[in-house]
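Novice: Starting from the known structure of chain A, arrange chain B on it as the hints suggest.
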Amino acid sequence: MSAALRTGGVLLALSVILMVLGNFVTPGFLSFTQVSTQLKISAFLGLFALCQTFVLLAGGEGVDLSVGAIGSLGGIVGAALLQGKDSAFLAVAALMGTAGAAVGTISGLGVALLGVPPLVMTLAIASIVNGGLIIFESIAQPPIAASPFLAQLAGRATWGAPNIVLLWIVVGLAALWFLSATAWGRKIRSTGANARVALLSGTHITLVKVSVYAISGLVAALSGFCLIGYVGAAFLGLGDAYVLPSIVVAVIGGMSLAGGRGSYVGVAAAAILITVLTSLLATIQIGEAGRQIIFGCILIGFLLLNRRLERAA
Amino acid sequence: MLVVVFAMNVALQPDLITRASLSSNVATFAPTVLVSAAQAIIVLMGELDLSVGAGVSMLNCALSTLPELAGWGLVPTLAATFGIALAAGATNGALVAYLGLPSLIVTFATSAIWFGVALAFRPQPGGSIDPALNELYAASIAGVPIALILILIAIGLWSILQRHPLGRQLLAVGGNPTAAFHAGIDVRWVKFRGHCIAWCFVYLGSLAISAQTLSGDSRLGLPYTLTSVAAVVIGGISLAGGRGSVWGAAFGAIALGLVANVIYFAGIPSIYQEFFKGIVICIALSFTFILGRRTIE
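Residue numbers (this note's numbering), protein chains in the order written: chain A, -12 to 300; chain B, 6 to 302.
Careful, some of the hints might be misleading.
[As the list claims (entries may be wrong)] Counterexamples of contact, computed for chain A against chain B with all Cβ distances above 12 Å:
hint, residue
1, Val22
2, Ile28
3, His191
[Stated by the list, open to error] Output of the computed footprint for chain A on chain B, the stretches with three or more beta carbons under 8 Å from beta carbons of chain A:
hint, stretch
4, 109 to 115
5, 230 to 236
Hints are computed from structural coordinates only; laboratory data are not their basis. Even for Gly, the Cβ is constructed at its ideal location relative to N, Cα and C.
In isolation and in its complexed conformation, chain A is listed as follows (with noise of 0.2 Å):
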């Protein structure tokens, strides 16, 4: 714990130099409503990691390239059901939580019973997804706005603090104590840690393996659906963009591409200094291929940086 906790106090001091830095480029990035409006960015971010987190702590070489089509999914078929109202927001919401749980799952069975890998399996459910939602969008035509206490969770703040920022700690602190204090935590971290003496041990590891794809589905469905309030209306290819982003913020976070090592504090430190790097980048005046350019080098660096950090711990 203490090695996550470093991990994560270097890449939030790190962030906080960016933003002081980025005050003298551009100032005014420190004010209040731009910390907020990174957190709140920064916040969808994390919760896309967070399900790469308990896929990758699992172990067998396991990623989820499909929670961007997931979170579309939560996204559009939320707004649909919706219908821009609040009246049957709870049940919308618990639809999507379990329409995700139940794509991760398939999922989670082609990897733990096919044997197929990870990385295959969910990128190909992602593209059924994905196709889906096309064949979904250009029939129907469904609603796409947000309701207002979607827009309201996702988008506005409660005393200064921006709601899905809240959300985002309360969802955290569970997921940590989730992984660190039940048992079932620390079957998915010993079964990454080494799947045969969890075999061994006793521990079904089909069903933790699958359990993480399914988390996984939830915790993306949702995201996508807070995500429509935050955007103000659903669009195909809604999420497409967190899925490599979501995997590199928990491998910089210390989450172990082996499986079994990692914390999500240090996931959700790299969320925050990903989100301030990029948005930095946005706000200097250089071509979109320096900024490309620039997260690229600054990304093996972070690399380089971690493998210090994991190497002296």
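Specialist: Frame of chain A; chain B shown alone:
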């Protein structure tokens, strides 16, 4: 699987077997086949390259920009672009092999860099590539289209490589790096060279697609990343490394291309295409894995 898809193709597109149609199909598939071959080499080493798509874009933009930027003819441009391809492969290789960073994340980072370079060359799609490249690509030697020759060269190169110690070392390193190390193989040097060789294939793939579009577009190559991974897996190459061959990836790429053909010629409305493609890939995957399991057991 390939036979079934091919039969469906013939049924839906009766003139497929004519020479003109076959060679135009080969010309369309060649870029995917070549990029998938590159991905196959990397996957055989137990790594993954998410930057091949952005790499194809970068090379395509270089091909379309260098002539007007430096006033070069076709040959110097081709040579310079080859240099860029090797440099990109060497960069990936150094980061993965010598710095030991996870290839999944590192190649995501380098793909941002390649995409940035592509944008620097060509912020908006456009420019032009010497039409001689297209004539060359569409030509045929003794009745065999150049595109097919390009694929044959790629497969020939792999066959030579397989007989060469490096080819076996690639497989050994992918299958079990520790064992390879103890057997006296310089694992890092092998991986580094493997990446450079793979990027020669990316270069060939980029030439093949550029010869067809004859212009530069920084987004042109992006879909190749995931297609090449899918082709590799359908081709029966283990993502854990060490098992499979470049042949498999070539077949996988052709199968994917034929699936797209079937969907197109069956007159399925465009909104259903993505969905059916996903379903077909899933079915192909289950076949691969259920059959693969049986042979292992």
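Novice: For His191(A), which was marked as not at the interface, is the minimum beta-carbon distance to chain B over 12 Å?
Specialist: holds (20 Å)
Novice: Please check whether the beta-carbon of Ile28(A) is more than 12 Å away from every beta-carbon in chain B.
Specialist: holds (18 Å)
Novice: Are at least 3 residues of the stretch 230 to 236 of chain B within less than 8 Å of chain A when you compare beta carbons?
Specialist: holds (count 3)
Novice: Would Val22(A) pass as off the interface with chain B, using Cβ distances and a cut of 12 Å?
Specialist: Answer for Val22(A): holds, closest chain B Cβ roughly 26 Å.
Novice: Three residues or more, CB to CB closer than 8 Å: is that satisfied between the stretch 109 to 115 of chain B and chain A?
Specialist: That given contact holds, which follows from 6 residues of the stretch 109 to 115 of chain B lying within Cβ reach (below 8 Å) of chain A.
This entry satisfies every hint, going by the numbered hints stated previously.
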